[in-house]
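Chains as they are written, first to last, in the working numbering: chain C, 1 to 265; chain S, 1 to 256.
To be clear, the hints were calculated from the coordinates, so they are not data collected in a lab. One or more hints might be untrue.
Said to hold, decoys possible - Simulated pairs of lysine to aspartate or glutamate, EDC-like, Cα-Cα distance not exceeding 16 Å:
id, chain 1, residue 1, chain 2, residue 2
1, S, Lys158, C, Glu109
2, S, Lys158, C, Glu106
3, S, Lys159, C, Glu106
4, S, Lys165, S, Glu147
5, C, Lys230, C, Asp205
6, C, Lys230, C, Glu254
7, S, Lys159, S, Glu145
8, C, Lys80, S, Asp161
9, C, Lys80, C, Glu106
10, S, Lys165, C, Asp99
11, S, Lys165, C, Glu106
12, C, Lys80, S, Glu149
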Amino acid sequence: MASMTGSVDINHVTLTYRSAGGGVLALRDTSLNVPRGEFAAVVGPSGCGKSSLMKIVTGLVPPDSGDIVIFGDRVRGPVKIAGMAFQNPNLLPWRKVIDNVLLPLEIVEPHRRKFRRERQHYRDEAEALLKTVGLDGFSQRFPWELSGGMQQRVSLCRALIHQPALLMLDEPFAALDAFTREELWCVLRDLWQKLGFTVILVTHDLREAAFLADNIHVMSARPGHIVMTKTVDLPRPRDLDICFEPHFTAIVHELRAKIAEVRKP
Amino acid sequence: MSSTLEKLSPWLFTLGIFVLWELVCRIFKVDTFVLPAPSQIFQAVGQYWLPLAKNAFVTLWTTLAGFALAVAFGIVLGIIVGWSRTIYRGLYPVMIGFNSIPKVAVVPILIIWFGIGIVPAVLTAFLISFFPIVVNVATGLASMEPELEDVLRALGAKKLDIMLKVGIPRTQPYLFGSLKVAITLAFVGAVMSETIGANSGLGHLMVQAGSNFQMPLVFACLLGLAVEGIVMYAVFAYVEAYFTGWAFRSSMSAAA
Numbered sequence: 001m002a003s004m005t006g007s008v009d010i011n012h013v014t015l016t017y018r019s020a021g022g023g024v025l026a027l028r029d030t031s032l033n034v035p036r037g038e039f040a041a042v043v044g045p046s047g048c049g050k051s052s053l054m055k056i057v058t059g060l061v062p063p064d065s066g067d068i069v070i071f072g073d074r075v076r077g078p079v080k081i082a083g084m085a086f087q088n089p090n091l092l093p094w095r096k097v098i099d100n101v102l103l104p105l106e107i108v109e110p111h112r113r114k115f116r117r118e119r120q121h122y123r124d125e126a127e128a129l130l131k132t133v134g135l136d137g138f139s140q141r142f143p144w145e146l147s148g149g150m151q152q153r154v155s156l157c158r159a160l161i162h163q164p165a166l167l168m169l170d171e172p173f174a175a176l177d178a179f180t181r182e183e184l185w186c187v188l189r190d191l192w193q194k195l196g197f198t199v200i201l202v203t204h205d206l207r208e209a210a211f212l213a214d215n216i217h218v219m220s221a222r223p224g225h226i227v228m229t230k231t232v233d234l235p236r237p238r239d240l241d242i243c244f245e246p247h248f249t250a251i252v253h254e255l256r257a258k259i260a261e262v263r264k265p
Numbered sequence: 001m002s003s004t005l006e007k008l009s010p011w012l013f014t015l016g017i018f019v020l021w022e023l024v025c026r027i028f029k030v031d032t033f034v035l036p037a038p039s040q041i042f043q044a045v046g047q048y049w050l051p052l053a054k055n056a057f058v059t060l061w062t063t064l065a066g067f068a069l070a071v072a073f074g075i076v077l078g079i080i081v082g083w084s085r086t087i088y089r090g091l092y093p094v095m096i097g098f099n100s101i102p103k104v105a106v107v108p109i110l111i112i113w114f115g116i117g118i119v120p121a122v123l124t125a126f127l128i129s130f131f132p133i134v135v136n137v138a139t140g141l142a143s144m145e146p147e148l149e150d151v152l153r154a155l156g157a158k159k160l161d162i163m164l165k166v167g168i169p170r171t172q173p174y175l176f177g178s179l180k181v182a183i184t185l186a187f188v189g190a191v192m193s194e195t196i197g198a199n200s201g202l203g204h205l206m207v208q209a210g211s212n213f214q215m216p217l218v219f220a221c222l223l224g225l226a227v228e229g230i231v232m233y234a235v236f237a238y239v240e241a242y243f244t245g246w247a248f249r250s251s252m253s254a255a256a
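Make a model of the complete structure from these sequences and hints.
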């Protein structure tokens, strides 16, 4: 990591997907700034290019124009300092929970080189991380033996095992039931407060964004760009009860109104 | 009670078919030359068990040799085809074309090349059975979840890493599923080649018995083929369940 300061900067990025029927403009002149250690949420109507934003920031897809700078380094390819989690936990069914969590360490340097030698050390780390998300004693289970919420916790652990400075989440809780979702909000909140990474959370759940984020960026319909940034000035640490306070509701209403506005053709 | 019945039902049905067959032959006094009764067939099995066993063994090992070639070649080609979309698109029509050629038309060519013997049988078994293996391995690789690939690529994984950590393990249920199909195809290929030109094997014995008008022996050969086919299928069904149990319990059971 280059320095302890800096931020994730997306500068005037444009992205076109080439498909059989011509190009689809996914992002148009999108700019976004997320200071180190901040929890940022990106919300918007479906199909607004939120997932494209994920791919651009992690360097999986190069933008047509504009650039991305993460903590001082310009993104030129896959960034390696990012962890990712998606709506689908995407766990490998032939690996036990612990081996799923350890997967990134078998790939990312410098862990990859040391993985065989320091296996026990890494296993201990993975066990500790699983314990933090409430999966103590589940490390030897297979993913199919776990509920959806538990699988998503494992997916979070896998995203965090290599201690990334940046966590990219693409609607990670969208497929869960309401109670499990709120449980996982708290899991993510605690992980973030404990480990201090930077988060970019893409979601269409406004309450989720308001509960977790420091800043919420609203994207327009395709081609996507940021139309509003809302600072959530709720005190931390936040408790789930905060979701029922008038100020919280006011923030959600404001976001909702803005999205309704940008959804109009 | 009902579970015992369920376990016994394959045996009961098989037995039932033989009993029915026997009855039809006796009631309608069917000529042995047209359709021998099971009793006559089993009598032939008893009488000719040594040549039957010898030739069955030849068929078994030619099938397995061709099948082994098909597995090795099929996995390698499947990985190559599944590796990139360009190769997939380029090779697929060629493979479909090749697979559409009736292998029975190829056997005479193989006999001209390699002479009468077991080599054409092994090669026919191979040619007829590698296709499902290639298709299944390639499909397993090509249908990998793009998001999972993103997770790994974002960590700096090379294509080879992704293949070794995810692609190839996740292809296992597809591969083992295809082995069940391929082994029976290999068997068909070997026997087909033996009937056209060979000097041993059940197919060869069957043709010889036919030209000597020994119909019970012809049917005894067929019976031997059926038994061998069932046993080989069962072995690979077991291998599949043993190695890829996870695929049948998880949501990712696309091969099932």
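Hints, one by one, checked against the model:
no.	hint	in the structure
1	S:Lys158 <-> C:Glu109	holds (12 Å)
2	S:Lys158 <-> C:Glu106	holds (12 Å)
3	S:Lys159 <-> C:Glu106	holds (14 Å)
4	S:Lys165 <-> S:Glu147	holds (15 Å)
5	C:Lys230 <-> C:Asp205	holds (15 Å)
6	C:Lys230 <-> C:Glu254	holds (9 Å)
7	S:Lys159 <-> S:Glu145	holds (14 Å)
8	C:Lys80 <-> S:Asp161	holds (14 Å)
9	C:Lys80 <-> C:Glu106	holds (13 Å)
10	S:Lys165 <-> C:Asp99	holds (11 Å)
11	S:Lys165 <-> C:Glu106	holds (9 Å)
12	C:Lys80 <-> S:Glu149	holds (14 Å)
Hint violations for this structure: none, all hints satisfied.
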